[in-house]
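Quick mapping for you: the protein sequence lines, in order, are chains G and B. Residue 1367 in the working numbering sits at position 239 of the first sequence, and the numbers go up by one each step. Residue 1206 in the working numbering sits at position 78 of the second sequence, and the numbers go up by one each step.
FYI, nobody ran anything at the bench for these hints, they're computed from the structure. Hints may be right or wrong, so weigh each one.
Intra- or inter-copy, both count: the list cannot distinguish identical chains.
[What the hints assert, rightly or not] List of simulated lysine-lysine pairs, DSSO-like, C-alpha gap at most 27 Å:
id: 1; residue 1: 1294; residue 2: 1174
id: 2; residue 1: 1174; residue 2: 1379
id: 3; residue 1: 1379; residue 2: 1299
id: 4; residue 1: 1257; residue 2: 1388
id: 5; residue 1: 1333; residue 2: 1294
id: 6; residue 1: 1395; residue 2: 1333
id: 7; residue 1: 1174; residue 2: 1257
Here the structure is a predicted model, which means the values were calculated and not measured.
So the chains spell out like this:
Number of protein chains: 2
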Amino acid sequence: MQRWNRVAIVGVGLIGGSIGMALRQRGLAGQVVGIGRRPESLRVAKRVGAVDSTSTSLPRGVADAELVIVCTPVEHIVDQVRSVAQTCAENALITDAGSTKASIVGGLNGSLPRGVRFVGSHPLAGSEKSGPGLASATLFEGRTVVITPSPNSQRRDVQATARLWKSLGAKTVECTPEEHDAALAAASHLPHLVASALAAATPQKCLPLTATGWADTTRIAAGDPELWTQIFFDNQRHLLGALDAFEQVLKTLRTAIERKDRRTLTKLLQEAKHKRDAVGS
Amino acid sequence: MQRWNRVAIVGVGLIGGSIGMALRQRGLAGQVVGIGRRPESLRVAKRVGAVDSTSTSLPRGVADAELVIVCTPVEHIVDQVRSVAQTCAENALITDAGSTKASIVGGLNGSLPRGVRFVGSHPLAGSEKSGPGLASATLFEGRTVVITPSPNSQRRDVQATARLWKSLGAKTVECTPEEHDAALAAASHLPHLVASALAAATPQKCLPLTATGWADTTRIAAGDPELWTQIFFDNQRHLLGALDAFEQVLKTLRTAIERKDRRTLTKLLQEAKHKRDAVGS
């Protein structure tokens, strides 16, 4: 297992905080530095044991780090990786944890100084809740992390990035940034959009009669509206494609209900159950 | 707390089994009889302690019962309450646990022999899983049960029905069958439809990249397709109305994403979050 002398985490929310906590509890880092703009978040991150030290200065924070992980909202990642690349140690490995990949990896590809080792990644872990106060050293255990190299990525850097996530207990899969965004549109971004539409469409007076079904189906609608606005805009094209497919299925369901077409309705519900059962709890 | 000498439960799935188990564990019934068509389900119900005895004969099972609870799929409830009414003891209290109420309460209103004490109810508890093997004596604790009297219901029967559910640990609310069906269309039936559409619309190849968000949002799509077909058809009018409202919100979200209209998108996501936060976990 690789051990890092100094790791810098840019953005110590739930994901960044959990990475720091896992690195520290697993004894994988000599020192973890948390970098952020808000002193209060940095204080919480330190108090819960997510980081050893903190800095509000990106250049100072990443100095001498062998590994830098950028865990900020997707709209800021490209700029921040560029800033990191300008000031970090030569030969430092840089990755991110953004929920979209094409604009980030594409935006950085070819525009980083020669020799900078950046490989994009996306841990499929998280929660509708946010902030370093909820960081957990076990957040990535058993979860999947998608690694999305660019055509220019060095094989050894891709492998080092995969090893990092595996050392936190995750499994890794590798695909192109475009493949990632198309798949995540259906697997994550559309579910969030649909959950939000469902919660928003529920009349206030019906809320007291909701039970576990509504609660499960709308849980992720409690996520941060600003973060998800960024993700939806960033992955606009694939998300709209996934929405088209969803609306097509919904239309078939509507027609079956209107016509009391039992065969079509039951068959579609069976198909849905089949897919849901395949994934498990 | 009222104690019943003999309680008959028609249909010993998750709900019927849990009622029997709760009555027995709380010492509220001298004997609980489980009635069903499938000997295997009855055996399981007895083995897990949901019932004291079983019968595949409705007339024999309900004979001498002071309380009969019909927990079968919604399409069968009207016929079964009629059968129960023909053979149960005079003065027995009859209720049901169906997920729709207007067709059941309306279908029975005025058509039951004089003196039969039927009051409809719907416990807002359950799971995407089914069968007596998963019955739990605590299923109703802290949950809401909707009691839906007809214009002909006697006050004392409505109160006795509410007392029954409260004795199992539930809270009760009372409304008309129509009010129930309109509210549950938005609070339960539409979420199920949307969860099923989302699961069915997810491409098979994307399933390995789903995480907790997809899993939560689609969980109830694992429910029994036949039961939910019945519920969707039975509550067709209100469900289509709730679907209209949902599609309207979804259309607004789509347009905001297409136009990158940040203000509208974030505002709607905030409204969704606000409603979701109000309900809690």
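Hints versus structure:
no.: 1; hint: 1294 to 1174; in the structure: within (24 Å within a copy, 47 Å between copies)
no.: 2; hint: 1174 to 1379; in the structure: neither (50 Å within a copy, 43 Å between copies)
no.: 3; hint: 1379 to 1299; in the structure: neither (37 Å within a copy, 37 Å between copies)
no.: 4; hint: 1257 to 1388; in the structure: between (40 Å within a copy, 25 Å between copies)
no.: 5; hint: 1333 to 1294; in the structure: between (47 Å within a copy, 23 Å between copies)
no.: 6; hint: 1395 to 1333; in the structure: between (33 Å within a copy, 20 Å between copies)
no.: 7; hint: 1174 to 1257; in the structure: within (19 Å within a copy, 42 Å between copies)
Of the numbered hints stated above, those contradicted by the structure are hints 2 and 3, listed in ascending order.
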